[in-house]
Each structure stands twice: as structure tokens, then as C-alpha cells.
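K.L.:
Each chain, written out:
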Amino acid sequence: MSTMTETTIQVYMVFIKASPEEIWDAITKPEFTSRYFHGSNVESSFEPGTPYKGWSSDRSQLFVDGEVLESDPPRRLSFTWSALWDEDLVSEAASRVTWEIDPQEGGFSKVTVVHDQLEGAPKTAATVASDMGWKIVLDGMKTLLETGEPLVS
Amino acid sequence: MTDDDRVFKALADPTRRLLLDRLYERDGRSLTELESELEMTRFGVMKHLRVLEDAQLVVTRRSGREKLHFLNPMPVRLIHDRWIDKYTERRVSALADLKHELEETA
Numbered sequence: 028m029s030t031m032t033e034t035t036i037q038v039y040m041v042f043i044k045a046s047p048e049e050i051w052d053a054i055t056k057p058e059f060t061s062r063y064f065h066g067s068n069v070e071s072s073f074e075p076g077t078p079y080k081g082w083s084s085d086r087s088q089l090f091v092d093g094e095v096l097e098s099d100p101p102r103r104l105s106f107t108w109s110a111l112w113d114e115d116l117v118s119e120a121a122s123r124v125t126w127e128i129d130p131q132e133g134g135f136s137k138v139t140v141v142h143d144q145l146e147g148a149p150k151t152a153a154t155v156a157s158d159m160g161w162k163i164v165l166d167g168m169k170t171l172l173e174t175g176e177p178l179v180s
Numbered sequence: 050m051t052d053d054d055r056v057f058k059a060l061a062d063p064t065r066r067l068l069l070d071r072l073y074e075r076d077g078r079s080l081t082e083l084e085s086e087l088e089m090t091r092f093g094v095m096k097h098l099r100v101l102e103d104a105q106l107v108v109t110r111r112s113g114r115e116k117l118h119f120l121n122p123m124p125v126r127l128i129h130d131r132w133i134d135k136y137t138e139r140r141v142s143a144l145a146d147l148k149h150e151l152e153e154t155a
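Chains L and B, in that order, are what the protein sequence lines are. First residue of the first sequence? That's 28 in this note's numbering, and the numbers climb one at a time after it. First residue of the second sequence? That's 50 in this note's numbering, and the numbers climb one at a time after it.
Calculated from the structure, these hints are not laboratory results. Since this is a predicted model, take the numbers as computed values, not measurements. There may be inaccurate statements among the hints.
Calculated pairs, EDC-like style, for lysine to aspartate or glutamate (alpha carbon to alpha carbon, straight line, at most 20 Å) [stated by the list, open to error]: (1) L:44 with B:88; (2) L:44 with B:62; (3) L:150 with L:114; (4) L:44 with B:52; (5) B:116 with L:143.
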């Protein structure tokens, strides 16, 4: 989606057959993120004002650095997002990621990722919109929570 | 109707595909903006957007007093990963087999 040059807000929405609490755990616990989020380990206390970090699987490299802006478990989590996994991206400005979780009928949750404030991060915007961006992350989360198995092993 | 049925039904209409193309070019548009680019009544555009929303291909969000429409790439991605991959994989592996066989006999 590299042609979407003007897009500074990206929205991804998917229905997952899991409770909001299970989705929250999948977002906030490294034993889950390591199985669907490019092998990364999330680290945060998820209190506003504290750091949000995404480490590589062996914790040798910091992929994402940020700060928790809002936290309302298990419904809403917002944090700043500086992409550090590629040296082309590290000089870009921080953007913002917000997870929204809305319980639905039949044991489903509506899970929405809004990645915005991307004005100062055009390369990050293109990367997270690519096939290896939020789409594969959310599909991976859905697959893991619904089948117990990761999408990409 | 399953989620996949809704997606295929929504995509089966050229006006709705055009609306998705417009959002692909520039995301997060109001009804008024989308309407101004189509030879269609406001009511007609609304009806098509509703079908796209039901199929989760379009997600709306409030921004002040405006309702903005965003392209949601997830339904097409899920269909691709769960349904279309299955068939393309077989074709790719058939080609790999053919390559292997030709190289063996060469």
C-alpha cells in the first residue's frame, strides 16, 4: 500500500472469537505476543506514563519504543510507537497506536487497531500498512486465539 | 450469510469496488466527499457504504462532527490467507514439482 501517501490514520478491524480479557492478555503478555507479533516480547506495566517496549525474541534488540498514553483494561490501550526494527525508520517521529476491544454477541470481540499521528513517519506508515504489518499481526492474533496455534510457525 | 458471503456479495458490485478504490487512494473520507466523486444520489452512496460496512470492508469513525469512512483491509486478508492461499499453494508446488522433474531428466 505504498501508494497511500496521504494516509496518516490507518484502521484495522477484525472479529475474534474470544473474550475481551483474552484479547487483552494477547496484547499485554509476552508469552502471547511472541507467538503472533513477529516473535516480539512486549514489556510494560501498562500504566499511563510508563514505557511500552517491544523486544526481539531473544531480547537483544528493541523493535518498538513508546509510552503508554491510556489504559482501560480490557477495553482500550493507547501508546506512542517509535519503530526501531529497521535503521531507515529510527529517525522518524513517534506515532500512536490504539487498541479498542468491544464485546459482541456469540462470544466474539470486535478488535480495532488505529495507528495514527503518522504525519512524521511516512516510512513507518508504509511498513505497517504492508503485508507484513498490522494485517499479519491481527490475522495471527485471531488464528492463535481461535485455534491455539500460531499462523506462522 | 457468513462473513465471507458478505464480503463477496459486497465486492460483486462495481460501484462498491469504486468506493473502495477511492478510499484506497485517500482514506478517512466523509460521505459528502465520497458523494461528490460519484454520479449518484447521497442516498445511493449511503446504501452502498452500508453494505460495505456490513461486510466489514469499511469502518467508520467519528472525528468531531464528521463521520469518516476507512478502508478495512482485514476481511480480504483473511479470505486470502484462509481460502485463496490454499489453491495458489498447490499450483506453486505443482510448478516446483515440474521444475524438479525437468531438472532430473535433463
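K.L.:
Are the Cα atoms of residue 116 (chain B) and residue 143 (chain L) separated by 20 Å or less?
P.N.:
Holds. Residue 116 (chain B) to residue 143 (chain L) sits at ~16 Å (cutoff 20 Å).
K.L.:
Below or equal to 20 Å on CA atoms is what counts here, so check residue 44 (chain L) against residue 62 (chain B).
P.N.:
Not OK: residue 44 (chain L) and residue 62 (chain B) at ~29 Å, beyond 20 Å, violated.
K.L.:
Would the hint linking residue 44 (chain L) and residue 52 (chain B) be met if the CA-CA limit is 20 Å?
P.N.:
Holds. Residue 44 (chain L) to residue 52 (chain B) sits at ~13 Å (cutoff 20 Å).
K.L.:
Would you mind confirming whether the straight-line C-alpha gap from residue 44 (chain L) to residue 88 (chain B) stays at or under 20 Å?
P.N.:
Judged against 20 Å, a Cα distance of about 40 Å means the pair is violated.
K.L.:
Please work out if residue 150 (chain L) and residue 114 (chain L) have their alpha carbons no farther apart than 20 Å.
P.N.:
With a Cα-Cα distance of about 11 Å, the restraint between residue 150 (chain L) and residue 114 (chain L) holds, given a limit of 20 Å.
In summary, the numbered hints that this structure violates are 1, 2.
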